[in-house]
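Chains as they are written, first to last, in this note's numbering: chain A, 132 to 535; chain B, 37 to 209.
If you're looking for bench data, these hints aren't it; they were derived computationally from the structure. Predicted model only: the values in this text are computed from it and were never measured. Positions of the beta carbon are idealized from the N, C-alpha and C atoms, including for glycine. Hints are not guaranteed to be accurate.
[To be verified] Label-pair distances were calculated between CB atoms; the ranges are:
| hint | chain 1 | residue 1 | chain 2 | residue 2 | range |
| --- | --- | --- | --- | --- | --- |
| 1 | A | L333 | B | R48 | 32 to 42 Å |
| 2 | B | P51 | A | I447 | 49 to 59 Å |
| 3 | B | T47 | A | P379 | 20 to 30 Å |
[Unchecked claim] List of simulated lysine-lysine pairs, DSS-like, C-alpha gap at most 30 Å:
| hint | chain 1 | residue 1 | chain 2 | residue 2 |
| --- | --- | --- | --- | --- |
| 4 | A | K509 | A | K229 |
| 5 | A | K229 | B | K125 |
| 6 | A | K455 | B | K82 |
| 7 | A | K509 | B | K82 |
| 8 | A | K194 | A | K306 |
| 9 | A | K306 | A | K455 |
[As the list claims (entries may be wrong)] Looking from chain A toward chain B, a few residues come up when the C-beta cut is under 10 Å (computed):
| hint | residue |
| --- | --- |
| 10 | I185 |
| 11 | G191 |
| 12 | K194 |
| 13 | E197 |
| 14 | T200 |
| 15 | K229 |
| 16 | D329 |
| 17 | D353 |
| 18 | L360 |
| 19 | R490 |
| 20 | R493 |
| 21 | Y502 |
| 22 | A506 |
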Amino acid sequence: MAIAPVSPQMRDHPVPEGDIMEIQMGPSHPASHGTIKFNLRLDGETIVAVDVEIGYLHRGFEKMCEQATWNHVFPYADRLNYASPLLNNVAFALAVEKLAQVPTPERVQYIRVIVGEISRITDHLTCLGMAASELGAISAAFYMIEAREYLYDLVEAITGARLTVTYCRLGGVIKDLPADMAERLAFAFKHTDAVLRDCDKLLSRNRIFVDRMVGVGALSSDDAISYGLTGPLLRATGIPYDVRKAQPYLVYDRMEFEVPTGSRGDNYDRFMVRFAEMRQSMRIVNQAMQQLPDGPIMATDPRFVLPPKREVYGSIEGLMNHFKLVIEGQKIPPGETYHAIEGGNGELGFYLVADGSGRPYRVRVRPPCFYGMGALGKMLTGGMIADIITTFGQVNMIGGECDR
Amino acid sequence: MTTPELLERVTRLAPDATPVPAEQTRGDAAVVVSRERIAAVLAQLKDDPETHFEMLTDVTAVDYLGGTPRFEVVYHLYSLTRNHRLRVKVRLPEEDPSVATASTLWKSALWAEREVFDLFGIRFVGHPDLRRILMYPEFVGHPLRKDYTLNARQPLVPERDPIAQPWRSRSEV
Chain A
132 MAIAPVSPQM
142 RDHPVPEGDI
152 MEIQMGPSHP
162 ASHGTIKFNL
172 RLDGETIVAV
182 DVEIGYLHRG
192 FEKMCEQATW
202 NHVFPYADRL
212 NYASPLLNNV
222 AFALAVEKLA
232 QVPTPERVQY
242 IRVIVGEISR
252 ITDHLTCLGM
262 AASELGAISA
272 AFYMIEAREY
282 LYDLVEAITG
292 ARLTVTYCRL
302 GGVIKDLPAD
312 MAERLAFAFK
322 HTDAVLRDCD
332 KLLSRNRIFV
342 DRMVGVGALS
352 SDDAISYGLT
362 GPLLRATGIP
372 YDVRKAQPYL
382 VYDRMEFEVP
392 TGSRGDNYDR
402 FMVRFAEMRQ
412 SMRIVNQAMQ
422 QLPDGPIMAT
432 DPRFVLPPKR
442 EVYGSIEGLM
452 NHFKLVIEGQ
462 KIPPGETYHA
472 IEGGNGELGF
482 YLVADGSGRP
492 YRVRVRPPCF
502 YGMGALGKML
512 TGGMIADIIT
522 TFGQVNMIGG
532 ECDR
Chain B
37 MTTPELLERV
47 TRLAPDATPV
57 PAEQTRGDAA
67 VVVSRERIAA
77 VLAQLKDDPE
87 THFEMLTDVT
97 AVDYLGGTPR
107 FEVVYHLYSL
117 TRNHRLRVKV
127 RLPEEDPSVA
137 TASTLWKSAL
147 WAEREVFDLF
157 GIRFVGHPDL
167 RRILMYPEFV
177 GHPLRKDYTL
187 NARQPLVPER
197 DPIAQPWRSR
207 SEV
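Using the sequences provided together with the hints, build the complete structure.
Written out as structure tokens, the structure reads:
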């Protein structure tokens, strides 16, 4: 039976009689988290060509944002990368504040660093726990999910929700940290630290795990740069690019932390880079808690920031200000800007265009794992079909962010 | 390199590149390049030792419906060695929204340009694999265009038998 060419890679490999098998893996495959389809061409168990198909979770994020006011976008942003919703919140807030030129109080910047780094740990715990469970190490996955639960409890205490946090606003955050934040944090980090030590012992030198990870899905640093990879995928190839160090935002220039890198760019290095990053994130959170200044948690610019409720209910000016901001939105002067932060998967950037009305003219999110998925075909070709799962797991594709 | 220095270097490399005023970009470095020169300018920016943009971090587009020219394709460049960013924009008319591909310079453009094609209907000439990426092949129209209304409905697509009728590309180039 003649098979229609699917992609250029496949056109380059015409099907010889009887030897090559064409298989479609996904979009709903039990071993792949997230809906994704691999159109595979196999020679035995070796992948000759692969066409990665995404888009199954496309919700029209960018189109929806154009209908909403700037503050309405924050709940949508939560649902991009649902393993680290706070990082998306912070990224969008920073981009809008750059566009509106609203400086934020220092305490807000520290709080955003703290919640962002907690989110990075939950993101990595999810990714690594799932990676371990896909290789059969389900106990390591349960330990990591347990640690994640302690951190989610902490996130719930801070924001009121585990995943759908909607914590940031243009100009600040909606709630201050809880009064017993230090104790809660110490409790959660004590458990996380214990889990990291256990999982390090369980996995890092585990023969089965190492055999399945080392040398699999490797990508050279030149390829990684050309494919636009950032975050752990790029750092695993030995390039120490981290937006927090390269172009510091918030108060990262006051924090002491290291950027872990790998050398081979394979799945094992990606795993270990993420593993080491969690410890660095805990370091950053502890430093930020030490330095945390007192002060307001919201800027006071009446053009963009809702007035305090006391003024809304007690004065006609406050009421009008509130009404105008809610109904018409924040009228950000025309212009455009791009701001990037280090998300869980790499450079998470927002390109925003304002036209002077209360709604965004264009919201473009630069999703880091979209570019990781773009390079996935290159990582998989020539490998074994069983390695799809480990490599795909280490790309850490989050459907909400990749497909938007 | 500061933003004015970078812009000065870019305009020296490509005299026809027009910098966008800093108050409009909130301090970001951005230039507008003509459609005819975009491929050459991007190649120069990548190879020049002072700009050295080895990474294309993003390609996107904006639809300025009612304006002429209507579309704007936006390239976000980043230099790892020099640690600076640049936004390169090219404006495309409504009747022929096509531009040379950047995928020969950076492989990240392979998927990014597919997405812009899918959502905006902008054709990238020379792209090896220009087909829809987020939408399904039978999708009618380009959803991020401003004249694609929110309540637009799509026609029903007959069921595909994946064995008898394998998924095939519907490349429009």
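Status of each hint after checking the structure:
{"no.": "1", "hint": "A:L333 with B:R48: 32 to 42 Å", "verdict": "violated, 57 Å"}
{"no.": "2", "hint": "B:P51 with A:I447: 49 to 59 Å", "verdict": "holds, 57 Å"}
{"no.": "3", "hint": "B:T47 with A:P379: 20 to 30 Å", "verdict": "holds, 28 Å"}
{"no.": "4", "hint": "A:K509 with A:K229", "verdict": "violated, 36 Å"}
{"no.": "5", "hint": "A:K229 with B:K125", "verdict": "holds, 20 Å"}
{"no.": "6", "hint": "A:K455 with B:K82", "verdict": "violated, 46 Å"}
{"no.": "7", "hint": "A:K509 with B:K82", "verdict": "holds, 23 Å"}
{"no.": "8", "hint": "A:K194 with A:K306", "verdict": "holds, 29 Å"}
{"no.": "9", "hint": "A:K306 with A:K455", "verdict": "holds, 23 Å"}
{"no.": "10", "hint": "I185", "verdict": "holds, 7 Å"}
{"no.": "11", "hint": "G191", "verdict": "holds, 6 Å"}
{"no.": "12", "hint": "K194", "verdict": "holds, 6 Å"}
{"no.": "13", "hint": "E197", "verdict": "holds, 8 Å"}
{"no.": "14", "hint": "T200", "verdict": "violated, 16 Å"}
{"no.": "15", "hint": "K229", "verdict": "holds, 6 Å"}
{"no.": "16", "hint": "D329", "verdict": "violated, 36 Å"}
{"no.": "17", "hint": "D353", "verdict": "holds, 9 Å"}
{"no.": "18", "hint": "L360", "verdict": "holds, 8 Å"}
{"no.": "19", "hint": "R490", "verdict": "violated, 12 Å"}
{"no.": "20", "hint": "R493", "verdict": "holds, 5 Å"}
{"no.": "21", "hint": "Y502", "verdict": "holds, 6 Å"}
{"no.": "22", "hint": "A506", "verdict": "holds, 8 Å"}
Violation of the numbered hints given earlier is confined to hints 1, 4, 6, 14, 16 and 19; the remaining hints are satisfied by the structure.
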